[in-house]
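Trainee: Here are the chains, one letter per residue:
There are 4 protein chains.
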Amino acid sequence: MDEGLQAISPPPLAGQAELFPPPFTGEGRVGASAPEDIHMFVEQQLIEKIGALGGKLHTGRSRNDQVVVDERLYVKSVGAQLVAGILALESALVTRAREQLDTIMPGYTHTQRAQPVLLAHHLLAYVEMLRRDGDRLHDAVGRADVSPLGAGALAGSGFPIDREALARDLGFATASANSLDAVADRDFILELISACSIVMIHLSRLCGEIVLWTSAEFSFASLPDSLASGSSMMPNKKNPCAAELVRAKSGRVAGDLMNLLMVLKGLPLAYNRDLQEDKEALFDAVDTTQACLEVTARLVEGIQFDQEKMRGAALAGYTLATEAADYLSRKGVPFRDAHRVVGQIVARAIKAHRGIEDLSLDELRQFSSLFDADVFDHLTLEGALRSRDVLGGTAPVRVREALANVKT
Amino acid sequence: MDEGLQAISPPPLAGQAELFPPPFTGEGRVGASAPEDIHMFVEQQLIEKIGALGGKLHTGRSRNDQVVVDERLYVKSVGAQLVAGILALESALVTRAREQLDTIMPGYTHTQRAQPVLLAHHLLAYVEMLRRDGDRLHDAVGRADVSPLGAGALAGSGFPIDREALARDLGFATASANSLDAVADRDFILELISACSIVMIHLSRLCGEIVLWTSAEFSFASLPDSLASGSSMMPNKKNPCAAELVRAKSGRVAGDLMNLLMVLKGLPLAYNRDLQEDKEALFDAVDTTQACLEVTARLVEGIQFDQEKMRGAALAGYTLATEAADYLSRKGVPFRDAHRVVGQIVARAIKAHRGIEDLSLDELRQFSSLFDADVFDHLTLEGALRSRDVLGGTAPVRVREALANVKT
Amino acid sequence: MDEGLQAISPPPLAGQAELFPPPFTGEGRVGASAPEDIHMFVEQQLIEKIGALGGKLHTGRSRNDQVVVDERLYVKSVGAQLVAGILALESALVTRAREQLDTIMPGYTHTQRAQPVLLAHHLLAYVEMLRRDGDRLHDAVGRADVSPLGAGALAGSGFPIDREALARDLGFATASANSLDAVADRDFILELISACSIVMIHLSRLCGEIVLWTSAEFSFASLPDSLASGSSMMPNKKNPCAAELVRAKSGRVAGDLMNLLMVLKGLPLAYNRDLQEDKEALFDAVDTTQACLEVTARLVEGIQFDQEKMRGAALAGYTLATEAADYLSRKGVPFRDAHRVVGQIVARAIKAHRGIEDLSLDELRQFSSLFDADVFDHLTLEGALRSRDVLGGTAPVRVREALANVKT
Amino acid sequence: MDEGLQAISPPPLAGQAELFPPPFTGEGRVGASAPEDIHMFVEQQLIEKIGALGGKLHTGRSRNDQVVVDERLYVKSVGAQLVAGILALESALVTRAREQLDTIMPGYTHTQRAQPVLLAHHLLAYVEMLRRDGDRLHDAVGRADVSPLGAGALAGSGFPIDREALARDLGFATASANSLDAVADRDFILELISACSIVMIHLSRLCGEIVLWTSAEFSFASLPDSLASGSSMMPNKKNPCAAELVRAKSGRVAGDLMNLLMVLKGLPLAYNRDLQEDKEALFDAVDTTQACLEVTARLVEGIQFDQEKMRGAALAGYTLATEAADYLSRKGVPFRDAHRVVGQIVARAIKAHRGIEDLSLDELRQFSSLFDADVFDHLTLEGALRSRDVLGGTAPVRVREALANVKT
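Those protein sequence lines, which keep their order, are chains C, H, B and A.
Going by this note's numbering, the residue at position 54 of the first sequence is 65; the numbering climbs one at a time, nothing skipped.
Going by this note's numbering, the residue at position 265 of the second sequence is 276; the numbering climbs one at a time, nothing skipped.
Going by this note's numbering, the residue at position 130 of the third sequence is 141; the numbering climbs one at a time, nothing skipped.
Going by this note's numbering, the residue at position 314 of the fourth sequence is 325; the numbering climbs one at a time, nothing skipped.
The hints are simulated quantities; they were obtained by calculation from the structure and are not laboratory data.
Predicted model, so just to flag it, every value in this text is computed and none were measured.
Please note that the accuracy of each hint is not assured.
Which copy? The list can't say, so a pair holds if one copy fits it or any two copies do.
[As the list claims (entries may be wrong)] Okay, derived cross-link-like pairs now, SDA-like style, lysine to any residue, Cα gap no bigger than 20 angstroms in a straight line: (1) 87 - 109; (2) 418 - 107; (3) 249 - 47; (4) 342 - 380; (5) 249 - 230; (6) 320 - 227; (7) 418 - 102; (8) 320 - 230; (9) 249 - 91; (10) 342 - 391; (11) 87 - 146; (12) 60 - 328; (13) 418 - 68; (14) 362 - 235; (15) 249 - 359; (16) 249 - 51; (17) 67 - 381; (18) 249 - 50; (19) 249 - 279; (20) 290 - 52.
Let's have the full structure, built from the sequences with the hints guiding it.
Mentor: Quick look at the structure:
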């Protein structure tokens, strides 16, 4: 957060002080011992320095438009930082994908091994998600890039202000078109938190996978000591705490979203004090998402993959069955029939505790005379990968192509 | 919060420090410069004071059971405080109800004036809600009143601890029956936050009414200067900011609930680091609800009712039409017919810009010959109130009865 | 919904049938009496018509990519319909704004009368909100406009499909770049529901205002009989039920959003059956938002404004105080001092039960010698409106300008 | 649902019909072609059968109190059914626990193997959670068991009804104490949905574990064909769809909760049409929870455990390290030191690719001279289990005790 924004750092948690602003005196409250808010504080400081002239600071302004100016500047600033955080995580994923171009792992559906994929392909799936996240944040910032200054308390300033010049001076793309809307709505904050919620869902999935992969059962990867923590009771444990926390914090940002949706529900125009509650939800969602992006990037950078374990798992579990079905389909068998035939082969292989790739051609031909020797070219991990040679498929040539297209 | 609980005050917002606990060293981390958490800190302090013997502190304990002990003690403590806060608000409402026993206001449905009610009756409606809130909190605390100490990390302590004696010493009603459940579940926190959410819904409705009542349009009440705040732009304004903030903060507690539900979703047994995220949701929900209970009590104590405005509003708007329909029903007219007849009377009165109580007996008899002179006893605010003489009704005798039954 | 999409209409509510798909037989399930899902049903129908050849239908496809194709087509289709619904409501608002260009009402902050505004200006505030809603939906549809077909079950099709040609044929802008992402993510649905949630927040505010405005206390407007409903008990009541229901249904769409966020949290790649739960949330959010847009448009079209009541309310409540303060400011008085002076004037006027516009020049000059006769030009509703002559302000000239800029 | 309750089955999804009730005619609407709601429909039917006398049906009643009567009867009825569903699932878990009393599995923290536990102990953890769920539902039903009949539209009936006798006749425990509260609040529904949400969190965790356990990586269990489903693309797959759907549906019930919280937020007393939206949230939460309880019970009944795989996993991963540390502690070594020593032993064992139980006594004594031959009694799965001999611990004697205490 740059210096100018520290003024709008989060207020203290719900205390009575916050709930009861200094009482109404009918006189203005600048002379009071404690200024009512940041706007009054700034004015008070100015008056102390330059005298009564400082009282002109508020001319043509209202706290109602000022607070939204601050929030919009904040959203623009942190929006850019969030996009940078997303790019950094994309970059970490791409770096690891480039490095793991030969690593084969099982692709899953229903947490069941399904078909072999490249680890690089798996990592790039998250790059796609993050790219859309970046776009969403960019769009949210674009819609926030509107200056409400000069909207006054609600009806427009009573001074002949050039609101568009003011907007330009403050770095906004444009000035708002309706003063009531300018001070009453907070949809630009809802949109940012909503985009953050979706980012967090993506991170929760990636970090959830890190938790699975580093389990003894999967053993696909391990975390360096610097990214794991131990147990006070069990000296042998290395716990993926950071990944667990990122996963959990998706709930926190979703909670922030729910909070603000509920705050805004049913409020009449224009400004209501309820809107003050937008700040903690916003700050918390942004801080949490930023921290989680950084932490996830460090996890991605540091995680150590066990290529052998991944390859072994990719081979086990009849993940090549689809290849056999596709083989028959390419020879003209209706897919549904091919599917049934291969189902019978798999059943036989399971009974014999063998892989289908371990069956002989004669054995395969007992199920379909269309099997020829070349079927074994397909019944290998490399053959299976190669066959997924469509745009976006996991064929190595396609994954290399995807990596070449990455702009980071 | 009493002193012993300050140790579990909320951690800082999502920073990386929190996300990455001190790295795993394979040696235990007490010697490290910064202790990993509060448990380690206490142990470290003890070791500094009494030497190696302090290292025995952790015997038979795990951070996994300790943290839930702390949280359950906290829930018991703040649960009692919340119940006290509820009772204080009930008491404020009852005090005002006693004082306003003669104040008649319009009762509303669909924010439309419907029938006259006593202001005391309206205030007591909230007392009923709060009573159930207190019961819910009481039940939640009851279910939390179980000691997990001795559950160990997950499997039960390896030392022959008398867990029931420990539970008694700590003031718990009983000890938990399953070690995995003891360290893995947080339903007692969900239940507390859920009960707080319902409290906040009730407060949002009461404070929403305060906002309406103090509007120029309703003018049923005003807030003393000490409970309102002014506008920097419009020196004439007195804003019900505290009521607006309470209304808004219902979103915050609902957000805390959503947060923790999402955190817990789908987690395998037993302890996962995700559970660390329960604390901020819990603390925030409790602090917010406590503050809002106090603030609402002050609003209820301080609000000044305008009996004349209320009475005037109660008379306007044909709120006595139901009395006319009930009159006919009591004389044997099927309700549906009585309803139609009175609808016609109201239509006539509206056209003539008169109240139905202002029509003459002759005029009324044009619609039904069953009207007699005694109908006018019913077509008054007092008559209307009197006729609602059932348990829980707004008849003054019933409201007095309800007040007499209040235990505060 | 166009015909092709009826196939993906909502499944029945959570029954066991849905939870337990037809059992795994190891043979494929087309021969079974009841087809497992819509994909199987289509294939079965085809086989019945054209024989075994129909079994080729599934070649190069998987239910995992097919279902997302359907959902993306649905999102594109209903996204366009939602945008149309938004435009229709904008149009209704603009029509009423054009018609009410001379109607003055009090603008509110904190539900307290603050400054006079034009009703047209108030209605146009909602047009601004809806415009952003339309943009958000447009962006959401844009990100959904990507064909997943050919992604296969997860790894990419095993047939040399031209996925970009397929995408073009289906009317998609492009084809997805990663097969795992294509079948595993549902962020395009989250984004649509999120945009719908924000629409619903805006509608809840507008309909909440309709409820207030049609109350006896406000009496700013009334609903024609066709848009209100009566009471079985109180024949005199006209209830704004439709407005209340729209306000309430904002909770429903927010609930749908929360539902899907929680469903997706922490799921490993790629497809999981959990994703099936996306449909009811999506359909419900879309159906609800569409219905509410239509209903709100009818309410806006039909509501009858009471210009006199609005004008009367705008005058009452010292809404011209700001004008007096601005007057002094324009004469060089620091705003904070002008504010204090006018506060004193208002206090005096309140005590005398007069408006500040009813004070004489002499009386005003007791507070500041800078008041001249021209101050009374400002102390009128028209003068107050005129003075808000900035971009987006409520000055009639500015509101006309805004209406001229409307593109509908 | 018993017959009398079918009348309040869920209305159709948000259509305009629902949003616009038959228009206000000023005459009552019974004569209209389509009755406005179920109450009018019943009355109309009665009038058709017995003539005008049927119009008396509504005497002393209002739709506002009637609808809450129906909802409270519904909550009482389905609350009992939900408790029965919970008991059935508890019973299934207990049956499997009894049968698996000798099955040892790894207990997990952070999804990392931590210490051996009995499978029965793990299953009983869920019984504890469900027991609390049952209690919560019981409490919710208790608070709902209050008759609002006679509260009228809002102010109490105008007829001298014996509300307590009516309550008794309808099977309610008592009659409500305040008429405004009776028709305006829905906290009894919030409480039920909230209790359902917590049930669903518990089910999401159990079903999430079923998904993990039936994965190739864990292989702790498999589902019979009747409880799994296949893949159209990969004939070898058996997918735990039902478990995935239960896990997902936790989001749905949480969404229902969020929905109703938001609906109720900030509503003024008494009845508002917004309250109509409580029904779908309620029905959906109840139906979903009931179905998920039944489905989970069938999964628990049918799942086939692989005792060997579980035992093998329990042994691997240094899960006995804690035993070694506890051994030293019991000999007087401060826990923190014991912890460090065992950490060094584990490090050595990892380097040597051996279990710590495979180290010789001499090797162990290099780390601490306190190790004696009896340490090996502890360094077995059975020894480890035995040592957790505290209330709620996983020692077989304790688990048998827990099973004996089960009341089902």
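Trainee: Does each hint fit the structure? Answer for all of them.
Mentor: Right, here's what the structure says about each hint:
no., hint, in the structure
1, 87 - 109, "neither (33 angstroms within a copy, 35 angstroms between copies)"
2, 418 - 107, "within (15 angstroms within a copy, 49 angstroms between copies)"
3, 249 - 47, "between (50 angstroms within a copy, 15 angstroms between copies)"
4, 342 - 380, "within (11 angstroms within a copy, 72 angstroms between copies)"
5, 249 - 230, "within (13 angstroms within a copy, 22 angstroms between copies)"
6, 320 - 227, "both (11 angstroms within a copy, 13 angstroms between copies)"
7, 418 - 102, "within (9 angstroms within a copy, 42 angstroms between copies)"
8, 320 - 230, "both (7 angstroms within a copy, 16 angstroms between copies)"
9, 249 - 91, "neither (35 angstroms within a copy, 39 angstroms between copies)"
10, 342 - 391, "within (19 angstroms within a copy, 56 angstroms between copies)"
11, 87 - 146, "both (14 angstroms within a copy, 18 angstroms between copies)"
12, 60 - 328, "neither (77 angstroms within a copy, 36 angstroms between copies)"
13, 418 - 68, "neither (47 angstroms within a copy, 37 angstroms between copies)"
14, 362 - 235, "between (41 angstroms within a copy, 16 angstroms between copies)"
15, 249 - 359, "between (41 angstroms within a copy, 16 angstroms between copies)"
16, 249 - 51, "between (52 angstroms within a copy, 18 angstroms between copies)"
17, 67 - 381, "between (90 angstroms within a copy, 17 angstroms between copies)"
18, 249 - 50, "between (50 angstroms within a copy, 19 angstroms between copies)"
19, 249 - 279, "between (53 angstroms within a copy, 17 angstroms between copies)"
20, 290 - 52, "within (19 angstroms within a copy, 33 angstroms between copies)"
Violated hints, listed in ascending order, are 1, 9, 12, 13; each of the other numbered hints is respected by the structure.
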